[in-house]
Amino acid sequence: MDERITRTRERILSADNRCCFIDREIALRECRSASLARPAYERYLFEFETVLAALSTPIDDDDVFAGRFATALWPYAGERFSRTPDGIESEGHISWCWEKILTGGAVSLVEEVEEAAQRHPTFNTRFFANSSRRAVNAVAAFAGRWSAALRSRAEKATDPTVKSAFERAAAALEVVPYRPAYDFFSALQGIYFWHMIASGVCGSRDFALGRMDQYLLKFYKKDLAAGKITREEAVNLLAHFFLKTNELCGTATDDYNASPTPCFASKQYLTLGGRSVDGKCCFNELSEMIVEASRVAALPQPTLNFRLDPEMPEEVWQLAGRAAQQGSLPNFFNDLLIRNTLVANGIAPEDAANFDFTACNRVNLPGRLYNIMSRIDHFNNNTEWFIRALHNVAAPATTDEILAEFKEIARQEMREYARVVNNLFSDGPAFRLDSLIFDDCRSAACDVYQGGADRYRWQHHMFSGMATIADSLAAIEEMVFHSGRFSYREFLSIVDGNFAGNEALRAEIIKSVPKFGNDDDRVDRFARQAADTLLDAMEEIGKETGFLMFGSFYSLRCHIDFGRKLPATPDGRLAGEPISENQSPVYGTDLAGPTAVLRSVAKLPLQRTVCGGLNLKFGCVLSRERAAALVKAYFKMGGLHIGMTMVTRDTLEKARLHPEEYRTLCVRKFGFSEYFVALSPEYQQEIIDRTEYQ
Amino acid sequence: MQGIVFDIHKFAIHDGPGIRTTVFLKGCPLRCIWCHNPESQERAPEIFFIPEKCIGCGWCFSVCPNHCHVARETAHEFHRENCIRCGRCTERCYAEALELVGSAMTPEAVMEEVLKDRIFYETSQGGMTISGGEPMMQFDFTLDLARRAKAAGIHVCLDTCGEAPYEQYETIRPFVDLFLYDVKATDPEIHRRLTGVSNERIRENLRRLDRSGAKTILRCPLVPGVNDDDAHLLGIAALADSLENVQEITLHPYHPLGIDKCARLGKQPRLDDKNFATEDDVARWLKIIQAHCSVKTVRS
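Chain order of the listed sequences is B and Y. Going from the first sequence to the numbering used here is simple: count from 1 and add 40. Going from the second sequence to the numbering used here is simple: count from 1 and add 5.
Where hints are given, some of them may not hold.
Unchecked claim - Each computed BS3-like pair below joins lysine-lysine, with the alpha-carbon atoms no more than 27 Å apart:
| id | chain 1 | residue 1 | chain 2 | residue 2 |
| --- | --- | --- | --- | --- |
| 1 | B | Lys676 | Y | Lys58 |
| 2 | B | Lys676 | Y | Lys121 |
| 3 | B | Lys676 | B | Lys643 |
| 4 | Y | Lys292 | Y | Lys58 |
| 5 | B | Lys694 | Y | Lys279 |
| 6 | B | Lys551 | Y | Lys292 |
| 7 | Y | Lys121 | B | Lys643 |
| 8 | B | Lys605 | B | Lys551 |
| 9 | B | Lys551 | Y | Lys121 |
| 10 | B | Lys203 | B | Lys268 |
| 11 | Y | Lys155 | B | Lys694 |
| 12 | B | Lys551 | Y | Lys220 |
| 13 | Y | Lys279 | Y | Lys292 |
| 14 | B | Lys320 | B | Lys676 |
| 15 | B | Lys258 | B | Lys268 |
Unchecked claim - Here are the computed distance ranges between Cβ atoms for each label pair:
| id | chain 1 | residue 1 | chain 2 | residue 2 | range |
| --- | --- | --- | --- | --- | --- |
| 16 | Y | Glu117 | B | Gly628 | 35 to 43 Å |
| 17 | B | Pro200 | Y | Gln130 | 45 to 53 Å |
| 18 | B | Asp536 | Y | Gly271 | 39 to 47 Å |
| 19 | Y | Lys292 | B | Arg47 | 31 to 39 Å |
| 20 | Y | His41 | B | Asp199 | 52 to 60 Å |
| 21 | Y | Glu86 | B | Ala544 | 25 to 33 Å |
| 22 | B | Gly659 | Y | Arg206 | 51 to 59 Å |
| 23 | B | Pro721 | Y | Pro170 | 58 to 66 Å |
| 24 | Y | His72 | B | Ser523 | 22 to 30 Å |
| 25 | B | His431 | Y | Pro70 | 55 to 63 Å |
| 26 | B | Asp42 | Y | Ser305 | 34 to 42 Å |
| 27 | Y | Lys292 | B | Glu355 | 47 to 55 Å |
| 28 | Y | Ser305 | B | Ala55 | 36 to 44 Å |
These aren't lab readings, by the way, just hints derived from the structure by calculation. No residue lacks a Cβ here, since even glycine has one placed at the ideal position from N, Cα and C.
Modelling step: build the complete structure from the supplied sequences, incorporating the hints.
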């Protein structure tokens, strides 16, 4: 066991979440008026250069890879961090063009832009090209300062391990990320350095590591063949690299005790496997080593996302099972389903084959699609649409009449959204580092904010509360249409009255009306109908507005926020209670175990969607074989995503009482993994309450 | 044909290989003092009653044909002595204070549920497990389920205590892929004291099944201070080694969850030990058995 790993992990876990990236924040504070004095379009680069020049280079004796932000408490109590309009910022949620940065160096990105600007010389293209050059030069200069700092520490180091580690990193940073990586180590060092700047200088979260087992493989193979590295050493390097990603975000979470760094809750997704455009299974020896390294690092980042399909070889499935069993909290995605949906909706097959993940529920087309959150992703409060539809229909005789009205409302809402987001961009000069990722930005010397990465005009609609809606339709079917115990209006007024004075009826609905998640067609068919209704409406609006439309059944934390403002629903949910989460059944209603849940969820039209999610919590550790078999069976039925947590309720209760003993305990929340002890008491309770199997 | 079924448990992962569905049948010839499923002992349906959950809605008072449910001041009393187990009171007890344990089902209805999870059996090499109670108490029904499962290409485990006529085992053997066979005590007298019956026929059945080529997993419930003495642990090891077709020994450490269930049935637990077996206990058992036999031994 490498003691440096243990000590580094300990250092990360004991870091003070109240600290910020102090050099960055002081530099931004000091250059604020100078920045504001400039034209708006110049502020980004000015601040980027200023911050990079001001950053210190803190080094630890256990460092294998270099790159770190100094952290400290903000000394200006009561004063907020400086953020200038049009200054340095990013929305994150993208993966860099790692393949190009590693094989051509960052300089090759600039050269591409400069050529384009020469072909089409305008003020804007020249501005973009000049800014690209200066930004990448600033990164190279910063890498040079790190290299010098490492050399000087190496000279003083007495421990030969420390000395050689510093020398190796110093040598790498003289080359990467500006010029091409020359071996496995320098490739990882280059990635980390660039990733760190994106996350912590540009300042955002969820920059993704992309398909690492693909773009790193040639470096590993070359070193292995040349005898420069052993498999074991490579796994060790990967583990050190993985630890570093946790250093960026610390143990803070996005809703409790959050760290005041720009990337405090960064979920750094790493995509494994998939298939090439010609159908070849892409899992390789490096995929396996990445899973091993994740076990060694034993911290939540990076999150491993598997691109799997049921026809992949058994060893691939066993690898997936192992990742689940060892507590890496991986996500499993049905590769076939996602690719087919992408292609069917207008994405070129080679782009579809190369998808990766940049957030818990965000399919990304690296270099092709700019996932501006505010423009692309939309969480629809479609349970509110449903409640509105219930009231708009006067005296329906069937659930179909309710769903027809539901569809009309869905169309109106999505049409309005498409209109609002249609014109977000301006025509003026612009530059931000993120633009260098995109092939189209580079080949046109055009920033993302000028529409440079608009090859695919894409909208991603997230729908939530499907189980709440299905259970509600089942309750109406039973109480009104089937048994005739109530007229439609009578029943609706009981629901609108929050079941006051009708507690027995509510209890009866909860217990006796079939619930989504128990493999019961009497209610699962409503989930499917309601889901199809939403996707039909979405596709129609896509045709009308020209957007490529993608849908998912995913709520993130909206099930709580939406639910809080919604009145009672016919399924017995009281006003203000959460609606159902993601694709899951309503909490506590899935009484037939995980296989029944999977069978129910697979009845949703998932083949028309691109993303997750379904999280299952097991109160035991499943064997590798059973974990793999469960996911494989689900994907054979047309399932799309599973995230698994294997931990007992007992353990969670203990962790709540004795957080200091459970600092590394990770659980899955919504779509991503989190330190349990860092969650707010409310979320801790929700995780504990979530149905547990076995 | 109908059987009395008290649970169809999907995603069973402790009752044989892979992902399984376990069908629990009521009725058992043994009365093990540590029984963790006391609701499985009687063949007839029973009523679970949890007074703390009662919300006083009064439904059960009005539907019970024998007036078993009585309001005594603020308490809800359930006079089981007159209960005919019709289940009417449980039907609409939304508070879940009253629950009917066991209901008559046809083999078709059972298999319809079991077959729903076929795809999970296929990817995990799992299948159906028939358990109880003692499924051989409802032999015709058990045989019918096993036949149907085999005809559908599903792997079948039979979880049995071994206390049934050998002819019945011989009849069902072709339709069972793996017997989960209980080993509860080595000494016949101790066995009688702990379970109510001697283990002579049980042992004989096991030997005959083994000679016939039937594959078995020996399932050994172990209760600290009751049947975890060295003599029995060595007895398990010797037994496993003396047989040809034992695939595995599985140790089932004692847990006290049956005590609550006794209360819900209005019965007294025969072993009132509320402590779980400890990890140290389990480690000792595994060590002793593993040292003395060649059969793979695991904990459940």
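Each hint, compared with the structure:
no. : hint                            : in the structure
1   : B/Lys676 x Y/Lys58              : violated, 41 Å
2   : B/Lys676 x Y/Lys121             : holds, 14 Å
3   : B/Lys676 x B/Lys643             : holds, 12 Å
4   : Y/Lys292 x Y/Lys58              : violated, 44 Å
5   : B/Lys694 x Y/Lys279             : holds, 20 Å
6   : B/Lys551 x Y/Lys292             : violated, 47 Å
7   : Y/Lys121 x B/Lys643             : holds, 13 Å
8   : B/Lys605 x B/Lys551             : holds, 25 Å
9   : B/Lys551 x Y/Lys121             : holds, 22 Å
10  : B/Lys203 x B/Lys268             : holds, 19 Å
11  : Y/Lys155 x B/Lys694             : violated, 45 Å
12  : B/Lys551 x Y/Lys220             : violated, 42 Å
13  : Y/Lys279 x Y/Lys292             : holds, 25 Å
14  : B/Lys320 x B/Lys676             : holds, 19 Å
15  : B/Lys258 x B/Lys268             : holds, 13 Å
16  : Y/Glu117 x B/Gly628: 35 to 43 Å : violated, 25 Å
17  : B/Pro200 x Y/Gln130: 45 to 53 Å : holds, 52 Å
18  : B/Asp536 x Y/Gly271: 39 to 47 Å : holds, 43 Å
19  : Y/Lys292 x B/Arg47: 31 to 39 Å  : holds, 35 Å
20  : Y/His41 x B/Asp199: 52 to 60 Å  : holds, 57 Å
21  : Y/Glu86 x B/Ala544: 25 to 33 Å  : holds, 29 Å
22  : B/Gly659 x Y/Arg206: 51 to 59 Å : violated, 38 Å
23  : B/Pro721 x Y/Pro170: 58 to 66 Å : holds, 59 Å
24  : Y/His72 x B/Ser523: 22 to 30 Å  : holds, 29 Å
25  : B/His431 x Y/Pro70: 55 to 63 Å  : violated, 44 Å
26  : B/Asp42 x Y/Ser305: 34 to 42 Å  : holds, 36 Å
27  : Y/Lys292 x B/Glu355: 47 to 55 Å : violated, 34 Å
28  : Y/Ser305 x B/Ala55: 36 to 44 Å  : holds, 41 Å
In summary, the numbered hints that this structure violates are 1, 4, 6, 11, 12, 16, 22, 25 and 27.
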